[in-house]
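Trainee: Chains as they are written, first to last, in our numbering: chain B, 1 to 128; chain C, 1 to 693.
Please note: incorrect hints may appear among the correct ones.
Derived lysine to aspartate or glutamate pairs resembling EDC-like cross-links, with alpha carbons at most 20 Å apart [to be verified]: (1) C:Lys609 to B:Asp64; (2) C:Lys671 to C:Glu611; (3) B:Lys56 to C:Asp621; (4) B:Lys56 to C:Asp562; (5) C:Lys567 to B:Asp67; (6) C:Lys567 to B:Asp64; (7) C:Lys528 to B:Asp17; (8) C:Lys567 to B:Glu90; (9) C:Lys577 to C:Glu611; (10) B:Lys56 to B:Glu37; (11) C:Lys528 to B:Glu90; (12) C:Lys516 to B:Glu14; (13) C:Lys549 to C:Glu673; (14) C:Lys567 to B:Asp89; (15) C:Lys302 to C:Glu326; (16) C:Lys516 to B:Glu90.
Below, a sample of chain C positions facing chain B; criterion: calculated Cβ distance under 7 Å [unchecked claim]: (17) Asn309; (18) Leu317; (19) Asn477; (20) His478; (21) Cys481.
Just the calculated beta-carbon pair ranges, DEER-fashion [claimed, not checked]: (22) C:Lys516 to B:Lys116: 27 to 33 Å; (23) C:Glu646 to B:Arg47: 26 to 32 Å; (24) B:Ala3 to C:Asp571: 37 to 43 Å; (25) B:Arg47 to C:Gly470: 38 to 44 Å; (26) C:Lys516 to B:Arg47: 36 to 42 Å; (27) B:Arg24 to C:Thr545: 35 to 41 Å; (28) B:Arg47 to C:Asn578: 44 to 50 Å; (29) B:Arg103 to C:Leu312: 58 to 64 Å; (30) B:Arg88 to C:Ile511: 33 to 39 Å; (31) B:Lys116 to C:Pro637: 55 to 61 Å; (32) B:Arg24 to C:Glu628: 48 to 54 Å.
I should point out that these hints are in silico values taken from the structure, not numbers from a laboratory.
Think of the CB as a built atom: it goes at the ideal place given N, C-alpha and C, for glycine as much as any other residue.
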Amino acid sequence: MGALKVLIVDDEREFSDSISGYLRALNYAVFNTYTGEQALEILGRERPNILLCDLKLSGIGKMDGDDVLERLKSISPVTIPVIITAYRDESSQKRLASKGALRILFKPIKLEDIDKLLREVEENLDKR
Amino acid sequence: MSIYVFSAALTFLTSLLLGFFVFIKNPKSLINRTWFLLSGSIAFWSFFLAFMFASKNAESGLFYSKMLQIGAIIIPASCLHFIVSLLHVNRQERFAVVASYLFCLLLLVMNVTPYFIKEALYTDMVDCFYPRASYLYIFFILFFFLAPGYGTYLLIKEYKSESNFRKNQLGYCIGASFIGFLGGSTTFPLWYDIHFSPIGVNLVWLYVVIITIAIVRYQLLDIEVIVKKTLVFAGLFGFVFGVIVFVAILTQEFIAMFLPHSKFLSLAISAVIIVLLHQPIYNLLINLTNKHLFQKKYDARKVFHDFSNEALTILNLDRLCRITIETLVKNLYLKNCVIFLLSRDETFYEVYDSFGVNKQEVVLKRDSRLISYFKLAQAPVLYNSYTRDLQACDEIKKEMQAMQSQLCVPLTIHNDIVGVLSLGPKKSDQPYMFDDIDILSTLAKALSIAISNARLFAQAAQYEKLATIGTLASGINHEVCNPLNNMSMRMQIFMANLERGAYKDKTQDEILAEVKDVLSSSITQIHKVAGITGKLSSFAKPTKTVLSKKVNVSQSVDAALDVLGHKLMIDRIKAVKNIPSGLVDILADEDQMHQIFFNLIRNAAQAIKEEGEITISAREDSGKVKIEVADTGCGIPEDKIEKIFEPFYTTKADGSGYGLSIVREVVWRNKGEIKVESKIGKGSTFYLEFPKA
Numbered sequence: 001m002g003a004l005k006v007l008i009v010d011d012e013r014e015f016s017d018s019i020s021g022y023l024r025a026l027n028y029a030v031f032n033t034y035t036g037e038q039a040l041e042i043l044g045r046e047r048p049n050i051l052l053c054d055l056k057l058s059g060i061g062k063m064d065g066d067d068v069l070e071r072l073k074s075i076s077p078v079t080i081p082v083i084i085t086a087y088r089d090e091s092s093q094k095r096l097a098s099k100g101a102l103r104i105l106f107k108p109i110k111l112e113d114i115d116k117l118l119r120e121v122e123e124n125l126d127k128r
Numbered sequence: 001m002s003i004y005v006f007s008a009a010l011t012f013l014t015s016l017l018l019g020f021f022v023f024i025k026n027p028k029s030l031i032n033r034t035w036f037l038l039s040g041s042i043a044f045w046s047f048f049l050a051f052m053f054a055s056k057n058a059e060s061g062l063f064y065s066k067m068l069q070i071g072a073i074i075i076p077a078s079c080l081h082f083i084v085s086l087l088h089v090n091r092q093e094r095f096a097v098v099a100s101y102l103f104c105l106l107l108l109v110m111n112v113t114p115y116f117i118k119e120a121l122y123t124d125m126v127d128c129f130y131p132r133a134s135y136l137y138i139f140f141i142l143f144f145f146l147a148p149g150y151g152t153y154l155l156i157k158e159y160k161s162e163s164n165f166r167k168n169q170l171g172y173c174i175g176a177s178f179i180g181f182l183g184g185s186t187t188f189p190l191w192y193d194i195h196f197s198p199i200g201v202n203l204v205w206l207y208v209v210i211i212t213i214a215i216v217r218y219q220l221l222d223i224e225v226i227v228k229k230t231l232v233f234a235g236l237f238g239f240v241f242g243v244i245v246f247v248a249i250l251t252q253e254f255i256a257m258f259l260p261h262s263k264f265l266s267l268a269i270s271a272v273i274i275v276l277l278h279q280p281i282y283n284l285l286i287n288l289t290n291k292h293l294f295q296k297k298y299d300a301r302k303v304f305h306d307f308s309n310e311a312l313t314i315l316n317l318d319r320l321c322r323i324t325i326e327t328l329v330k331n332l333y334l335k336n337c338v339i340f341l342l343s344r345d346e347t348f349y350e351v352y353d354s355f356g357v358n359k360q361e362v363v364l365k366r367d368s369r370l371i372s373y374f375k376l377a378q379a380p381v382l383y384n385s386y387t388r389d390l391q392a393c394d395e396i397k398k399e400m401q402a403m404q405s406q407l408c409v410p411l412t413i414h415n416d417i418v419g420v421l422s423l424g425p426k427k428s429d430q431p432y433m434f435d436d437i438d439i440l441s442t443l444a445k446a447l448s449i450a451i452s453n454a455r456l457f458a459q460a461a462q463y464e465k466l467a468t469i470g471t472l473a474s475g476i477n478h479e480v481c482n483p484l485n486n487m488s489m490r491m492q493i494f495m496a497n498l499e500r501g502a503y504k505d506k507t508q509d510e511i512l513a514e515v516k517d518v519l520s521s522s523i524t525q526i527h528k529v530a531g532i533t534g535k536l537s538s539f540a541k542p543t544k545t546v547l548s549k550k551v552n553v554s555q556s557v558d559a560a561l562d563v564l565g566h567k568l569m570i571d572r573i574k575a576v577k578n579i580p581s582g583l584v585d586i587l588a589d590e591d592q593m594h595q596i597f598f599n600l601i602r603n604a605a606q607a608i609k610e611e612g613e614i615t616i617s618a619r620e621d622s623g624k625v626k627i628e629v630a631d632t633g634c635g636i637p638e639d640k641i642e643k644i645f646e647p648f649y650t651t652k653a654d655g656s657g658y659g660l661s662i663v664r665e666v667v668w669r670n671k672g673e674i675k676v677e678s679k680i681g682k683g684s685t686f687y688l689e690f691p692k693a
């Protein structure tokens with residue numbers, strides 16, 4: 001089967017790097033990027049199982065999590081999108097859910113929530 | 001022509017004019033009306049008295065006597081009525097007035113019969129046909145003394161319990177009544193053939209004059225202006241008449257020396273001289289009366305005019321009330337003045353501002369009689385009124401005492417009593433005049449509107465603050481949560497690693513190094529959060545006072561950009577700073593400068609909407625620091641540019657239109673200047689100027 005492929009996209013490098021390193025140590029195949037454009041590229045190339053994406057991203061084209069979410073289906077429909085964000089307003093949550101996000105994790109994030117999430121995805125994959 | 005004729009004519013003239021002008025001044029007031037009646041009856045009496053004193057036969061003497069008697073009968077009753085209306089009446093006294101008028105009627109009927117006045121006989125003493133009394137006349141004499149006597153008794157009773165000022169007024173009334181009636185009564189002896197000269201008739205006009213002095217100096221009947229007119233008119237009339245006569249006689253004599261039959265010519269010359277002298281004489285009279293008889297009184301129109309100009313455009317409630325109180329105290333020479341306003345939660349009336357009283361000592365309750373009265377009547381109340389219209393009832397008087405108030409004027413907005421303007425006694429102890437109350441009522445209406453505006457403004461400011469907080473909140477949330485997340489993640493990961501034994505094979509030094517790394521990164525993140533929350537507090541502080549100190553413009557702009565940076569990033573707006581590093585500091589309130597830049601940059605961002613640039617530049621120029629905030633937004637149309645600083649002006653559907661008016665106020669408060677230039681489609685630039693530190 002192979003290790004679960006995880007793509008982490010967040011422009012907060014401190015966070016992005018530390019969580020990637022941790023997950024790699026747990027033998028996940030982790031791809032780590034800071035911009036939306038690069039995220040799309042990796043999505044197309046690697047087709048990861050799960051995408052952990054921040055809403056606010058910085059990059060040359062100023063793509064953000066919303067844009068990535070929208071393009072996801074056409075580029076890599078297998079990827080399960082999970083949004084991580086600091087925004088707590090309800091309208092964002094509804095919007096993201098309607099765009100296909102499985103779950104929304106609010107910063108500051110509990111590590112065990114990420115653990116649970118990954119295990120959930122794994123189980124679902126095994127079931128198939 | 002005897003002196004009696006002259007006295008009677010003078011009495012007629014003065015009482016007629018005075019009564020007339022008093023009536024015109026305030027036809028609705030009871031006091032003015034009863035005085036008119038009294039004066040009128042005295043005038044009526046003296047008119048026919050003059051003719052009687054000039055009578056050349058018995059028939060005319062009798063006729064004029066009967067006529068003057070009509071006036072004489074009414075005088076005592078109207079005098080009592082006047083006195084009663086001066087004082088604060090009760091039923092007993094009112095009954096007395098009605099009774100006296102009824103008795104008048106009876107006497108008038110008697111006057112028609114021959115049993116009242118017998119006949120007129122030639123009397124040497126007065127060189128005319130003087131009337132003689134019959135059987136029924138005695139009733140009139142009794143009435144003549146009883147009715148005004150009762151009135152004088154009432155006056156004296158009231159005299160004891162009044163203020164010094166009122167004492168003076170009443171004193172003059174009592175004294176004048178005495179003289180008038182004593183004088184009048186000297187006519188009676190001759191009616192019974194008692195040889196006593198009616199010299200008192202010469203004093204009756206003195207009664208009128210004394211009342212006049214009371215009016216002039218102690219503002220009885222509230223008719224200074226009337227008296228001025230009367231005096232000037234009477235004086236002028238007499239003066240001009242005298243001059244005409246004098247000049248006519250002189251020229252006649254002069255010309256007669258040369259041309260014996262030239263009456264017409266001399267009269268013509270006199271007339272020319274009078275016409276020429278008329279105007280300067282008139283002016284002289286007016287100046288004299290002004291200088292010697294009337295104290296400097298405030299010009300009511302000027303007070304209102306000044307007040308309107310200065311106060312009504314103030315949107316700050318504190319300043320509005322302060323200026324109102326200062327204006328009133330200064331111009332009316334008040335001992336105290338208080339403005340009560342309904343509290344925010346509408347449960348009580350608080351002392352919003354005051355002068356001359358201890359705030360804790362004055363009280364106005366929400367459910368007081370005063371407020372209930374105001375709701376119904378919507379008119380001011382006086383503690384001591386000379387008309388019944390504005391007089392406070394006893395309960396309200398007690399409440400006014402608790403407020404140390406002499407005059408209360410309601411402040412109403414849309415039928416709600418939002419406050420009360422309370423004025424204490426004047427320093428001179430003079431009462432409040434009709435003019436005063438007129439002006440104050442108008443002023444109160446204007447003040448109510450100004451208060452309403454100020455409150456709306458304050459409310460809009462609140463909404464704007466909340467809107468601002470909304471804008472800040474999302475930015476802050478993000479700025480705070482990310483560092484917290486970074487910190488939290490690193491710590492959790494370390495603990496998780498520890499737990500799963502990832503550090504089993506590491507040396508203590510290596511573990512320690514990892515720990516130190518986590519800790520120092522966390523410390524950095526903590527300071528990041530502290531920085532953001534610190535910047536937020538400067539926007540939440542109220543902006544009433546200005547704490548001037550040296551403020552670095554660059555840092556101030558950075559503070560604003562920090563909190564807005566997030567929004568700018570989302571909207572893809574580039575912020576460019578063109579501030580030389582060595583730029584001199586400005587002297588201003590630091591937090592308020594943050595607010596100014598925050599508002600301007602946010603406004604710029606809103607104008608741009610998406611994809612644009614905001615440039616903030618600053619430079620020193622002739623002792624001032626000039627700052628420009630330019631955007632590439634939609635611009636402001638030329639006809640609207642004047643308006644953008646007005647409160648409530650906005651083109652945003654959800655905007656309160658408030659931010660820029662606040663910005664300008666804050667800029668001015670910090671001794672700065674602000675102006676704007678704009679072009680539709682190109683963008684706007686705000687120019688600011690502040691004094692350097």
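Trainee: For the pair we were handed, C:Lys567 and B:Glu90, check the Cα-Cα distance against 20 Å.
Mentor: Cα-Cα ~19 Å, so holds.
Trainee: Between the alpha carbons of C:Lys577 and C:Glu611, is the straight-line distance 20 Å or under?
Mentor: At roughly 17 Å apart (the allowed maximum being 20 Å), C:Glu611 and C:Lys577 satisfy the hint.
Trainee: Determine whether the Cβ-Cβ distance between B:Arg24 and C:Thr545 falls within the hinted range of 35 to 41 Å.
Mentor: Given about 57 Å between the Cβ atoms, the range is violated.
Trainee: Starting from the hint 44 to 50 Å, judge whether the C-beta atoms of B:Arg47 and C:Asn578 obey it.
Mentor: Check passed, 47 Å falls within 44 to 50 Å.
Trainee: Go ahead and decide if the range 36 to 42 Å is satisfied by the Cβ distance of C:Lys516 to B:Arg47.
Mentor: 39 Å, holds
Trainee: Would the hint on C:His478 be counted as holding, given a Cβ-Cβ threshold of 7 Å to chain B?
Mentor: Holds. Min distance 5 Å.
Trainee: With the threshold set at 20 Å, check whether the alpha-carbon distance from B:Lys56 to C:Asp562 stays at or below it.
Mentor: Holds, at about 16 Å.
Trainee: If you draw a straight line from the CA of C:Lys528 to the CA of B:Asp17, is it 20 Å or shorter?
Mentor: Holds. C:Lys528 to B:Asp17 sits at ~19 Å (cutoff 20 Å).
Trainee: Within 33 to 39 Å or not, the Cβ separation of B:Arg88 and C:Ile511?
Mentor: 36 Å, holds
Trainee: Does C:Asn477 pass the interface hint, meaning its C-beta sits closer than 7 Å to a C-beta of chain B?
Mentor: 5 Å, holds
Trainee: Cβ-Cβ distance between B:Arg47 and C:Gly470: within 38 to 44 Å?
Mentor: 40 Å, holds
Trainee: Does B:Glu90 sit within 20 Å of C:Lys528, going by the straight-line distance between their CA atoms?
Mentor: With a Cα-Cα distance of about 27 Å, the restraint between C:Lys528 and B:Glu90 is violated, given a limit of 20 Å.
Consistency note: the structure conflicts with the earlier hints numbered 2, 3, 11, 16, 17, 18, 23 and 27.
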